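Mind docking chain F on chain G? Use the hints.
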Amino acid sequence: MNLLAIVDFSVVEIFAARSGWSGFFTLSTLVVTIAATIRLATPFVIASVGESVGQRSGVLNLGVDGVMLLGAFGAYYTTLETGSPWLGLAVGTGVGAVMGLVYAFITVTLHAQQGISGIGIYLFGLGMSDLLFRQLVGTPKPIGGFEGLFEFSVPETRFDVAYPDLYNHSILVYMAFLLVPAVTLLVNRTTFGMNVRAVGETPEAADSLGVSVTRTRYSTIIIANSLAGVAGAALALEKGIFIQNITNGMGFIAVALVYFGAWRPIGVMAGSLLFGLVNALVLQWKTLGIISGATAQLAEMAPAAVTIIALVVVTNRIGQPSALTQPFRRGAH
Amino acid sequence: MKLHKFFSFVLIAGALALFAASCGSDDDDDTVATTAAPTTEAPAPPLRIAIVSPSASNDLAFSQSISDGVNALGDERNIDVAITDGTFVVEEAAAQIRAYADEGYDLVIAHGSQYGGSLEEIAPDYPDTTFAWGTAADTFGLDNVYAYTAAADQGGYVLGTMAGALTNSEVIGVVGPIEVGDAKLYVDGFKAGAEAQNSNANVSVVYIGSFSDVALATETAQAHVGQGADVMTGSAQMVVGAVGVAQNEGVLWFGTQADQRSLAPEIVVASQVYKWEVILQQIVDDMDSGASGGKAFVVTLENGGLEIAYNDAYDLPANVRQLAEDTIAGIIDGSISTS
Chain G
1 MNLLAIVDFS VVEIFAARSG WSGFFTLSTL VVTIAATIRL ATPFVIASVG
51 ESVGQRSGVL NLGVDGVMLL GAFGAYYTTL ETGSPWLGLA VGTGVGAVMG
101 LVYAFITVTL HAQQGISGIG IYLFGLGMSD LLFRQLVGTP KPIGGFEGLF
151 EFSVPETRFD VAYPDLYNHS ILVYMAFLLV PAVTLLVNRT TFGMNVRAVG
201 ETPEAADSLG VSVTRTRYST IIIANSLAGV AGAALALEKG IFIQNITNGM
251 GFIAVALVYF GAWRPIGVMA GSLLFGLVNA LVLQWKTLGI ISGATAQLAE
301 MAPAAVTIIA LVVVTNRIGQ PSALTQPFRR GAH
Chain F
1 MKLHKFFSFV LIAGALALFA ASCGSDDDDD TVATTAAPTT EAPAPPLRIA
51 IVSPSASNDL AFSQSISDGV NALGDERNID VAITDGTFVV EEAAAQIRAY
101 ADEGYDLVIA HGSQYGGSLE EIAPDYPDTT FAWGTAADTF GLDNVYAYTA
151 AADQGGYVLG TMAGALTNSE VIGVVGPIEV GDAKLYVDGF KAGAEAQNSN
201 ANVSVVYIGS FSDVALATET AQAHVGQGAD VMTGSAQMVV GAVGVAQNEG
251 VLWFGTQADQ RSLAPEIVVA SQVYKWEVIL QQIVDDMDSG ASGGKAFVVT
301 LENGGLEIAY NDAYDLPANV RQLAEDTIAG IIDGSISTS
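From first to last, the protein sequence lines stand for chains G and F.
FYI, in our numbering the residues of the first sequence are 1 to 333.
FYI, in our numbering the residues of the second sequence are 1 to 339.
So that you can see chain G by itself, here it is in the shape it has in the complex (with noise of 0.2 Å):
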């Protein structure tokens, strides 16, 4: 295809397009758009803020993906059984938790490089929750997750004001909000967090000062994996369903997101959101023909390029906790 024969196609599907601008500038469209902008963040804010709680303490983990596999396997697994996502968000939050306590043991107690060790919890996440998959469950079979939270019939006559997609989420979607708050209290506001910072920037000093750093990096370890057990579990049960490689990577992006939020709870869920927009914006002007062709082709790569061009421009600015991928070893410096 030659340079007019592009410029054609857009001209033409600029035409096609306008009548669906029109539709997307709706209040209806605009609060579905922010409704599945919510979504989409949902496991993102989970899995980011709980990994910036260890990136803090200067433990890095690229496993994030694997670990939010086994955590919305053994979610799914556990409803599939029982009938209660309750018992099923608790059973990806346990699963994460021992996640978390072999990742410690790995990379505190025996000072394995950081990046490996990450990368082979992965593996071991793609790997064993496919088997157990197959062994267990074998072909898919949808599941019931939550309710949403605040559902109730809102008269015919109210809808345009009432717009229930706004807030109607499952419990988990406002779990996930409300971590951040409790995190940065944790983080900024808690003797617990004052030694997270510090074991972060200069461990050497924090345990000079009596703080353990094994202990310190143990807990916050197995906290951002339980976390990130929950956002397989938030995924898994807010879809209904499992399948091979359900997080698609988004693990890694979860990782990038503690970077583009700079650390910061409130950052992570600003990137969080920002990256669930882009989705959300790119679905709807595909669903209502604004997009098309090659114009939808190229945009399907815009949320990952906003996430990096944010990327480069926020870590160009914040620095990291200094000590970050650093294994202690007392008396090495």
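It is possible that some hints are incorrect.
As the list claims (entries may be wrong) - Once the Cα atoms are required to be at most 20 Å apart in a straight line, the calculated DMTMM-like pairs of lysine to aspartate or glutamate come out as:
1. F:K295 / F:D285
2. F:K295 / F:D138
3. F:K295 / F:D312
4. F:K295 / F:D106
5. F:K275 / F:D68
6. F:K295 / F:D143
7. F:K295 / F:E120
8. F:K275 / F:E302
9. G:K141 / F:D68
10. F:K275 / F:D286
11. G:K141 / F:D312
12. F:K184 / G:E300
13. F:K275 / F:E325
14. G:K141 / F:E266
15. G:K141 / F:E325
Derived by calculation from the structure, the hints in this document are not laboratory data.
It should be emphasised that the depicted structure is a prediction, and the values quoted were computed from it without experimental measurement.
Chain F in isolation, oriented as in the chain G frame:
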């Protein structure tokens, strides 16, 4: 310190080994199906068939269709089947295709159009091994490579006419993966069928750009519902989440590649099912006659390689069922064009 390094190595190696065990070649219990045809003579050695596919072999979609097709061959002859699925990384798939050829499998099936480039390089190195790949029509001019594809537009058209007849809102949503191969054929056929049946129907097609992103497929289905869709369809393994949305919202669903009624018996109206065994039988017959490749095969409604599986649990109006049957007959006799 050295002890710590040793433990680190053992733990990481263990994790990698478990991964390899779960994703690698499965030559034992769960993936090998050996079926002997009744005979009074000494049994002939089994035909050894290996499959490499990108998603899980129980995905109720693309990979399951080839797995079911190969296993169906076992009804007619003695076969020995090995499958490596979940090879969404093309380099891993290429290594496994080569490994199966090294192990002496008679027929190695590379089930994914993304494997074509690798197969074109590998096949000439194993002139005594027969390869098949799809969905594609190109044998690369190699005499040990068969190609196979599905005329998915045919079943898509049939399901589209049913969708056009069943929609009340006249808004129909399509959740597509990537605009290539049999997925594109299916979507194009479905849209043409719906619009031919119902000129007022607005068929909204969204390709999400992924075969595996369940979250995005789910949101796409939600977006279609938000725009008023009361009938939806989709292709590839990521649609399982979209089917869930359809079920929650009471929207009708049409499936393709495999029979998807088990996902949501209340709302799955019908599915286009690939019966790859039809062309696999032709490939095996061709191999029996001494050939080893160089031909392309297509499953169609006419040759029975495509079937429309109606969901008995869904109360399909008789006139819509008849419409579907008439459309199938029209496509087979050439009086209906799917484009």
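**Message:** Please list, smallest to largest, the hint numbers that this structure does not respect.
**Reply:** 3, 15
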